[in-house]
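Q: Protein sequences appear in the order of chains Z and B.
When you line the first sequence up against numbering that gives the first Met the number 0, it's residues 0 to 235, in that order.
When you line the second sequence up against numbering that gives the first Met the number 0, it's residues 0 to 530, in that order.
Source of the hints: derived by calculation from the structure; they are not laboratory data.
Take the hints with a grain of salt, since some may be wrong.
[What the hints assert, rightly or not] Think about it this way: if two alpha-carbon atoms lie no more than 25 Å apart in a straight line, the pair counts; the simulated SDA-like pairs of lysine to any residue are:
1. B/501 with Z/191
2. B/501 with Z/176
3. B/491 with Z/33
4. B/501 with Z/105
5. B/346 with Z/105
6. B/144 with Z/22
7. Z/176 with B/89
8. Z/9 with B/513
9. B/346 with Z/176
10. B/491 with Z/176
11. Z/9 with B/518
12. B/223 with Z/49
13. B/297 with Z/8
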Amino acid sequence: MRAVWILCGKELRVTLDTAQGAVVAVAFLLATGFFFGSNLFLIGQAEMRGFFSVMPLLLMFFIPAMAMRQLADELNQGTFELLATMPISTWQLVMGKYLAILLQLLMLFALTLLYPASLALLGNPDGGAIAAGFLALMLLASAYSAVCLYASALTRHAIIAYIIGFSLLFAMFLLNKMAATLPPATQDWLTILLPFPPFNALLRGVIGLEQVVYFVSFSIFFLALTCFQLERRRWR
Amino acid sequence: MNAAKPDRDLFDGRKVIRRRAWLMLSLVLIATVAVYAAAWTAHLRWDWTENQIYSLSHSTRSVLKQIKDPVHIRAYITRGLPQPYGSLRRFIGDMLASYHDAAPNTVSYQILDPSSDPNVAASLAAMNIPRVQVQSIEDDQARIKQGYMAIVVDYLDKKVTIPVVQSETGFEYNLTSKIKRITGNGRATIGVVGAFGASGLDQLRRLRELAGDDYQLTAIHPEKRPIDKRITAVVIAGMRKPPSPQFRYRLDQFRMQGKGILVLAGNAVPQLQVGFEVQPVDPYTNDWLTSDLGVVVKPGLVLDRDASRVVVNRRQGRFMFRSVVDYPFMPAVRDLNEQQVVTRGLKLLAMPFVSPLGCVDDNKCTTLMRSSAQSAAQNGPPFDVNPMRDIASRFAGIQQSAQLLGVVLSGAAKSAFSAPPVGIGIDTAKSKPITQTDNQRVMVLGAPALLDDDFLDGDNTLFVLNALDWLSGNSDLIDLRSRGVSERPLDKIDSQARAMWKGIWMFGLPLLVTLLALWRWRRRAVPPVAR
């Protein structure tokens, strides 16, 4: 586990010390600030449902940007081969990278706690429902991150990794949107397979074990796929 | 031969790696699916909402505990309906399981699919339960699919139905109120006074729709004959003339029996059919409230800077303009007494054309609601209620303070009459007047038009239904009705403060991150020695 944290710390330092991390953070906070504040006084309610409901789409643009260079750069610069010679397993490597993205997201979400704090000053929001909303957000972000890390393992080029990651997420989003036009049996399957129905269920303020397990399983599966993709390089 | 051996070892090594990778991926896939399936069947939930609005409420548990004989709930839900009905089926199943868990000895349930048995469909048709029509896409064609989403509750030889469950919202209240009604004494009767200019039953169409499920509303005439014994509460909405002594005496005796009275009284009633205008009531109309109940309707109409919004249509030439304006004569009332069961859980009411109230003895009145500190009373009549007039000019030079808009009188009280009025035709030797009660139940509101169809929506609806429940001594379900559907309004702040908050939300955090990044880069750029 120590190796995982060392890798994670290294990735976090890289993010904090380069312009890319700051640019992504500033753009993310500008967007969330806009979506939170633009209609709040018009609606006049101390709630964050509007903010949370736009986040699946918003994260679709930002998480691929955070994850795109994690493995693609290692493959491109040849440092992946160097890492492969070290006493560190593929699984540890993937977990280190994954935790770095999650911690970066956690820091960003922690900053957005300003929004519920200010709502508490301006009204009487339902703290429990908002806490559940942030938990849902973190779980969705962890699922997105796993998908985007997998996309980063598929190519040597960061930009292509971004496009693949975004495309995978957007395809899921479109499937969810067009679910209403599909036969009922297909709709039921999509409700089980896509991350958006459990995310919306959590936004109500009720934490269901099946939803939490869904996101954890979804993330583990894509992390396993990422490991598999990296392992493939060793037998080809 | 010697060169071929390492190649073969390498090939075998690759095969091992490949097998191991495939095995790991398969194992992870199986494990994640198995754990997810286990979590799905375990169905554990934690309700984080403030009032646990998605968990079975205390009110429901209390109703279920009082049931003595078995109640059987049957949910008729067609399988294979498109979303969101598929999820709704699961929700209904979970809720019915919770009802059963709360009273395992008396409540049982069953979920049936009517499409699998033609006899079931026929029995539903006999109960007048309609099919739900849902659009479904099959083979790239939009089709209308028919199905059932109904609940039937059986208790002894009685039966009640919820013909269509459309959403999760209000499901618990709906089902619990049906169970309460079928296991209790049926619908209570509420009398509506139509005399002395008050809005009669024929004018309160929306109230009839809303309360008709739980209450039987009936017109009464206390000025002509005694109030029927079956009646549990009386509603008097906006009298325009002073009531007769007979009316007052019979109402007083009704109050002395511990039965509920709701009085909506003010100095003017709206005339919305001719625009935003009000008609003043007779100046002596509300004097009886002071002498009989100890509640004073003070002069004027309340105007509040914290106002509800209204839509105003204006005709200019051949064109019609629609504007949404803050209307000070419809205060947005947020100061609601949380201790009172009627207003508990409610956050915002819109009180139309409300008059300020007062109490002869403050110790006998309980405040139900007050306007904001930025409110005042406009003197009149005549009253200038033009919605397009600038709010700032209305408040110029007026003393502003919170106004009392609603009170509750409960507990012990004495009759306002020492003897029946002359000419009422009551033989005091045969029926002795009741002179006191330990449990009066009276609510007085300064908004005579609150029950009008135009104003009965949003949280006003919940408030009125809560009030009817309380007046009828039927408070079990009040908390249940108010939970989860209340608004959470933002405090009123001025435009400068709004702009400041928007600026903080949009640019505050990005600026903070930029400054932190610049600080960190600058720190790294300066060598440690120089630092």
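Q: Give a verdict on every hint.
A: Each hint tested on the structure:
Among the hinted pairs, residue 501 of chain B with residue 191 of chain Z is inconsistent with the structure: their alpha-carbon atoms are about 38 Å apart, more than 25 Å. Our distance criterion of 25 Å between C-alpha atoms is broken by residue 501 of chain B and residue 176 of chain Z, whose separation comes to about 31 Å. Of the pairs offered as hints, the one joining residue 491 of chain B and residue 33 of chain Z holds, with about 21 Å between alpha carbons and a cut-off of 25 Å not exceeded. Taking the CA atoms of residue 501 of chain B and residue 105 of chain Z, the gap is about 23 Å. The hint holds against a cut of 25 Å.
Only pairs whose Cα atoms come within 25 Å are accepted, and residue 346 of chain B paired with residue 105 of chain Z is rejected, the gap being roughly 33 Å. The suggested pairing of residue 144 of chain B with residue 22 of chain Z is violated, with an alpha-carbon distance near 50 Å, which exceeds 25 Å. Between residue 176 of chain Z and residue 89 of chain B the alpha-carbon distance is near 21 Å, which keeps this suggested pair within the 25 Å criterion. Restraint check: the Cα-Cα separation between residue 9 of chain Z and residue 513 of chain B comes to about 21 Å, which is no more than 25 Å; the hinted pair holds.
Between residue 346 of chain B and residue 176 of chain Z the alpha-carbon distance is near 35 Å, which puts this suggested pair outside the 25 Å criterion. Straight-line distance between C-alpha atoms of residue 491 of chain B and residue 176 of chain Z comes to about 37 Å, which puts the hinted pair past the 25 Å bound. Pair hint residue 9 of chain Z plus residue 518 of chain B holds up; C-alpha atoms about 20 Å apart against a cutoff of 25 Å. Taken as a hint, the residue 223 of chain B and residue 49 of chain Z pair is broken in the structure, with Cα atoms around 56 Å apart against an allowance of 25 Å.
Using a Cα cut-off of 25 Å, the hinted pair residue 297 of chain B and residue 8 of chain Z is violated, with the two alpha carbons roughly 70 Å apart.
In the structure shown, a violation is registered for the earlier hints numbered 1, 2, 5, 6, 9, 10, 12, 13, in ascending order.
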